[in-house]
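Under this note's numbering, the first residue of the sequence shown carries the number 1, and numbering increases by one thereafter.
What the hints contain is simulated information worked out from the structure, not anything from laboratory work.
Model, not experiment: these values are computed from the prediction.
Some hints could be false.
Unchecked claim - List time: in silico PhoX-like cross-link candidates among lysine-lysine, alpha-carbon distance up to 25 Å:
no., residue 1, residue 2
1, LYS85, LYS33
2, LYS85, LYS32
3, LYS154, LYS85
4, LYS154, LYS32
What the hints assert, rightly or not - Quick list of the computed label-pair ranges, beta carbon to beta carbon:
no., residue 1, residue 2, range
5, PRO110, ARG153, 33 to 41 Å
6, SER64, PRO114, 19 to 27 Å
7, HIS165, PRO114, 32 to 40 Å
8, LEU177, GLY7, 22 to 30 Å
9, GLY63, GLN183, 28 to 36 Å
10, GLU47, GLU90, 17 to 25 Å
All C-beta atoms in this analysis are idealised placements derived from N, C-alpha and C, irrespective of residue type, glycine included.
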Amino acid sequence: MITVVYGYEREERRDLFEEMFRQRKQVFVDEKKWDLKITDGEFEIDEYDRDDTVYVCSLRPDGSLAGSVRLLNTLTDHMANGPFKEMFPELTVRSPTIWEATRFAVPDDPRIQPNGVSRAACEIMLGTCLFGLEHGVSQLIAIYEAPMARVYRKCGVRHYVLGRHRSAEAGSIHFALGEVSRQLEASIREATGLTPVETVVEAAE
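The task is simple: from the sequences and hints, build the whole structure.
Laid out in structure tokens, this is it:
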């Protein structure tokens, strides 16, 4: 199931947020070995996890968290204009209708869709698109490791690579921009096998 939660709900939905930050530590620090700040020895939380931050989550049938992604409006402080600015100094994106997707984390989900991608990852792709359609988002930017491009393709997500960065420390990194549209929704559904009965549950309601 796809659900959307907001940063200001952190106290109200403490268990979900703690599991999300715990999964992010597992994926980005324990597995990828990124040098990130760790809180209380088990949570990956940074200055972009604010009250106005949006999180698209995939929940298992039992309600537990399977994975998540973080969304930030580019009019606010965001990672492309912060820690990634040194990698892409020539690229600046600021618009109320363009959002940034970061911290895509699916630690382990054995449920595989027909496209060979985990259900959690597929639901996060679809949920991000549906959130955008419902909230006037015209485009999304994402800075991701090059191998992630294969997952995007398998999920029917088309985008433009605006910049590429390569270094011994970071590997190959892409800066991408993609349109949010009903055509994108249809492409994701066709590629992933997620039917229109999938809905976004606004946790704040």
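Which numbered hints turn out to be false for this structure? 3, 5
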